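Full structure from sequences and hints, please.
Number of protein chains: 2
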Amino acid sequence: MKAAGVVVEYNPLHNGHVHHLKETRRLTGAEVVVAVMSGNFLQRGEPAFIDKWSRTELALRSGADIVFELPYRFAVAQASEFAEGAIGILAAARCSAFCFGSEDGRIGPFMNTLRLLEDQKAVYEAEVRRLVKTGISYPSALSRAYLSVADAETHQKPLADLTKPNNILGFQYIKAARSSGTGMTAFTVGRTGTGYHELGSDPDSGIMSATAIREVVREAGITDEVLRAVPGHTVRAMERFREEHGRFGGWDVFWPILRTLIIRDGAHRLRDVAEMTEGLEHRIVRAALAAPTFTEFMEAVKTKRYTWTRIQRILTHVLCGIDSGEFSRFREPRYLRLLGMTQAGRSYLNLYKDDFGLPLVSRAASSDDPMLSTDIRASDLYALGTGEKPGKDFRTPPIMTG
Amino acid sequence: MKAAGVVVEYNPLHNGHVHHLKETRRLTGAEVVVAVMSGNFLQRGEPAFIDKWSRTELALRSGADIVFELPYRFAVAQASEFAEGAIGILAAARCSAFCFGSEDGRIGPFMNTLRLLEDQKAVYEAEVRRLVKTGISYPSALSRAYLSVADAETHQKPLADLTKPNNILGFQYIKAARSSGTGMTAFTVGRTGTGYHELGSDPDSGIMSATAIREVVREAGITDEVLRAVPGHTVRAMERFREEHGRFGGWDVFWPILRTLIIRDGAHRLRDVAEMTEGLEHRIVRAALAAPTFTEFMEAVKTKRYTWTRIQRILTHVLCGIDSGEFSRFREPRYLRLLGMTQAGRSYLNLYKDDFGLPLVSRAASSDDPMLSTDIRASDLYALGTGEKPGKDFRTPPIMTG
Numbered sequence: 001m002k003a004a005g006v007v008v009e010y011n012p013l014h015n016g017h018v019h020h021l022k023e024t025r026r027l028t029g030a031e032v033v034v035a036v037m038s039g040n041f042l043q044r045g046e047p048a049f050i051d052k053w054s055r056t057e058l059a060l061r062s063g064a065d066i067v068f069e070l071p072y073r074f075a076v077a078q079a080s081e082f083a084e085g086a087i088g089i090l091a092a093a094r095c096s097a098f099c100f101g102s103e104d105g106r107i108g109p110f111m112n113t114l115r116l117l118e119d120q121k122a123v124y125e126a127e128v129r130r131l132v133k134t135g136i137s138y139p140s141a142l143s144r145a146y147l148s149v150a151d152a153e154t155h156q157k158p159l160a161d162l163t164k165p166n167n168i169l170g171f172q173y174i175k176a177a178r179s180s181g182t183g184m185t186a187f188t189v190g191r192t193g194t195g196y197h198e199l200g201s202d203p204d205s206g207i208m209s210a211t212a213i214r215e216v217v218r219e220a221g222i223t224d225e226v227l228r229a230v231p232g233h234t235v236r237a238m239e240r241f242r243e244e245h246g247r248f249g250g251w252d253v254f255w256p257i258l259r260t261l262i263i264r265d266g267a268h269r270l271r272d273v274a275e276m277t278e279g280l281e282h283r284i285v286r287a288a289l290a291a292p293t294f295t296e297f298m299e300a301v302k303t304k305r306y307t308w309t310r311i312q313r314i315l316t317h318v319l320c321g322i323d324s325g326e327f328s329r330f331r332e333p334r335y336l337r338l339l340g341m342t343q344a345g346r347s348y349l350n351l352y353k354d355d356f357g358l359p360l361v362s363r364a365a366s367s368d369d370p371m372l373s374t375d376i377r378a379s380d381l382y383a384l385g386t387g388e389k390p391g392k393d394f395r396t397p398p399i400m401t402g
Numbered sequence: 001m002k003a004a005g006v007v008v009e010y011n012p013l014h015n016g017h018v019h020h021l022k023e024t025r026r027l028t029g030a031e032v033v034v035a036v037m038s039g040n041f042l043q044r045g046e047p048a049f050i051d052k053w054s055r056t057e058l059a060l061r062s063g064a065d066i067v068f069e070l071p072y073r074f075a076v077a078q079a080s081e082f083a084e085g086a087i088g089i090l091a092a093a094r095c096s097a098f099c100f101g102s103e104d105g106r107i108g109p110f111m112n113t114l115r116l117l118e119d120q121k122a123v124y125e126a127e128v129r130r131l132v133k134t135g136i137s138y139p140s141a142l143s144r145a146y147l148s149v150a151d152a153e154t155h156q157k158p159l160a161d162l163t164k165p166n167n168i169l170g171f172q173y174i175k176a177a178r179s180s181g182t183g184m185t186a187f188t189v190g191r192t193g194t195g196y197h198e199l200g201s202d203p204d205s206g207i208m209s210a211t212a213i214r215e216v217v218r219e220a221g222i223t224d225e226v227l228r229a230v231p232g233h234t235v236r237a238m239e240r241f242r243e244e245h246g247r248f249g250g251w252d253v254f255w256p257i258l259r260t261l262i263i264r265d266g267a268h269r270l271r272d273v274a275e276m277t278e279g280l281e282h283r284i285v286r287a288a289l290a291a292p293t294f295t296e297f298m299e300a301v302k303t304k305r306y307t308w309t310r311i312q313r314i315l316t317h318v319l320c321g322i323d324s325g326e327f328s329r330f331r332e333p334r335y336l337r338l339l340g341m342t343q344a345g346r347s348y349l350n351l352y353k354d355d356f357g358l359p360l361v362s363r364a365a366s367s368d369d370p371m372l373s374t375d376i377r378a379s380d381l382y383a384l385g386t387g388e389k390p391g392k393d394f395r396t397p398p399i400m401t402g
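Quick note, the sequences are listed as chains A and B, same order.
Under the working numbering, residues 1 to 402 are what the first sequence spells out, in order.
Under the working numbering, residues 1 to 402 are what the second sequence spells out, in order.
No lab work stands behind these hints, which were simulated from the structure alone.
Misleading hints may appear alongside valid ones.
The list treats identical chains as one, so a pair stands whether inside a single copy or across any two.
[Stated by the list, open to error] Heads up, simulated DSSO-like pairs for lysine-lysine below, C-alpha to C-alpha not over 30 Å straight-line:
1) K164 with K302
2) K389 with K304
3) K133 with K164
4) K353 with K22
5) K389 with K302
6) K121 with K133
7) K392 with K302
8) K2 with K175
9) K164 with K121
10) K175 with K133
11) K121 with K157
12) K353 with K2
13) K22 with K175
Bear in mind that the values here come from a model prediction, so they are computed numbers and not experimental data.
Have a look at this one:
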């Protein structure tokens, strides 16, 4: 059975994601689509809108056959590590192809960019280092260095626009796949409708960004606009989550506990938190003492040097108690944590699980891997923050559909 | 001006406390009564029912002239350290006497006990060590060793009954005063009515224990029975606190945040918490994962070896983020933190503050003493847990009455 992989967050799953899953199957010719999905905390350093089991079910009902959890170590990490972890899992699960959504929509420019940056590696990296020293953020430095290298080219070949968020992530997947020598073929699907960050949406298209959906649902509930932009399963999953928890996941909900943790730990303990950078811990403590809301807190903490996303990831590490030692201990995935499967997914797992590059973990209790302990702790903290009891990873068998 | 000291918690202040303050003035002949009072966390390892400023006002309206905060380091500590800190503060504030409530009510037996234990020091301490090794708690060992030493005496002199909680604390005050050579004279007042731990009360006497008052107010509000047992100021302070915070302080209210902290920190970090003893951190984490309420949690954690109080103090350290290093850094008070004063108290301070044995801190912002930072952090965590904003120590000037 041929399998193709996708890297997803589904926060929450909308029509654009359904399109991506369908196109992945069509373009790759795969019989089985394997999704590697962030758990309850996301790459942009946010608690998920609805929990990972709800999102797993949506994935399975929308075209994925198998959902593996991207371990916290990679899910709440910068784009390159996020991509390396996700691609490592897809390769270990014997995917022969992967497909990502991008603003560009064509794979050629990404390949041209990859070759360009391989050829110009020394120049590019020197430029990144120079720019970082000027005090701008690392992602800005990457983007500007790339532009200067690309500009210097003769422009005979189209290059990927690495100022666009999905292009950036897609490029990281390709780079990770290349450097790990997986031999997986890369595909991309053009993202239809609004970009990731845009809160606006096109009411007629049935396409809204996940950010816009969360915003609208938090403010006004499940409006007609949202109903058009997501499959019925997503509507029911959101309704169920709100009914069971009385709230959706997000920093607004986790702010009181985060604030307490920051004030309780103080700067000297926050210094050890994963990805914390010299001095930021003092800004964080001062802001937490003064700011009544998460938004005001972030306004007080942010600086030109660190992206909003980077700071949010650090705060996720604060919330989940992830220190540098724990975070830097492992750099590669260590298991395939099964969150759910369809009948086809089940057949695929039965057929190939002994040939997987990593152990398959279907029951959390069957593994004592320290990387998995981190995932479970993060999951427990999400549960506590959303008014649920901890230990759900031990109580919940993989979701089965179809 | 002659000053006498009292060591108090007022959780909340009731008629028995008013009696103690009156008797202190009468017995010692003091013009000024200095109260050293626990802050927002108490010696039994509990969040205060109402906050320290509310309790300061009650103290001033009930006979105290000056209220100093007993620093967290001593307030949330075993009886001997609690006493040493409190007596150190009273001595530094030039009190020539102190007076404590006791079940016994006469000072003679305490003095006899002090001499007996000084004479029998080696025998007593060997017996304590032997008993601790059998697996009973330290306070039980102290109590039993004392009984065996006392039994061996000829009983020519009456001895204090050191199985009673207020006698135990009182004895620690006397011992601390003696060993620090303060020269303060000790007085004691018999506690009228119910003992500390008894939940029951005598409805006709107008005397209820603070424990009973909290229990009744939590369950049934301010009943007639409570109205008879506390001064009107206490009634109004409780009403105001409940109105402003929607709750009273207590472990039930702090349990969700404590539980989150325990699960987030995990056993390897809890190991460093002040007063944590080998292995207990694992029991604490297991219990936190399983127990939905604080009471169920405590039932799962408690062992014969540690008293309920000891465990609660450790949990207070968990909540406030007090590790062993911070806790053991200082063993003596370093300042007189003024929470409030009457006119007489003010005159006393103006007259003697330059002769005090420790610096007077009237404004939190004027000191950067690390021991005070701990007090402020604890105060902030209490504020967050009771739905208030942090930083109250910086915003609140000393309470002034009369």
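ask   = Between the shortest in-copy and the shortest cross-copy C-alpha distance, which are at most 30 Å for K353 and K2: within, between, both, or neither?
value = Within one copy only: 14 Å inside, 84 Å across.
query = Should K2 paired with K175 be assigned to within, between, both, or neither, using CA atoms and 30 Å as the limit?
reply = For K2 and K175, only the intra-copy Cα distance (22 Å) is at most 30 Å; the inter-copy one is 80 Å.
message = At most 30 Å between alpha carbons: which applies to K389 and K304, within, between, both or neither?
response = Classified as between; 29 Å across copies, 39 Å inside a copy.
Alpha-carbon proximity context of K164 and K121, limit 30 Å = within (21 Å within a copy, 77 Å between copies)
task = Evaluate K353 and K22 at a C-alpha cut-off of 30 Å and name the case that applies: within, between, both or neither.
result = within (25 Å within a copy, 80 Å between copies)
query = With identical chains treated as interchangeable, where does the CA-CA distance between K164 and K302 reach 30 Å or less: within a copy, between copies, both, or neither?
reply = within (21 Å within a copy, 56 Å between copies)
key: Copy assignment of K175 with K133, given that the CA separation must stay at most 30 Å   = within (25 Å within a copy, 62 Å between copies)
ask   = Are the CA atoms of K22 and K175 at most 30 Å apart within a copy, between copies, both, or neither?
value = Cα proximity of K22 and K175: one copy only (24 Å, versus 80 Å across).
query = Is the C-alpha distance from K133 to K164 at most 30 Å within one copy, between copies, in both cases, or in neither?
reply = Answer is within: at 23 Å inside a copy they meet the 30 Å cutoff, but 67 Å across does not.
task = Measure nothing new, just compare the shortest in-copy and cross-copy C-alpha distances for K121 and K157 to 30 Å and report within, between, both or neither.
result = Intra 18 Å, inter 91 Å, cutoff 30 Å: intra-copy only.
query = For K389 vs K302, is the C-alpha pair at or below 30 Å within one copy, between two copies, both, or neither?
reply = between (33 Å within a copy, 22 Å between copies)
message = Reference check for the pair K121 and K133, CA-CA at most 30 Å: within, between, both, or neither?
response = within (18 Å within a copy, 67 Å between copies)
Taken one by one, the earlier hints all hold for this structure without exception.
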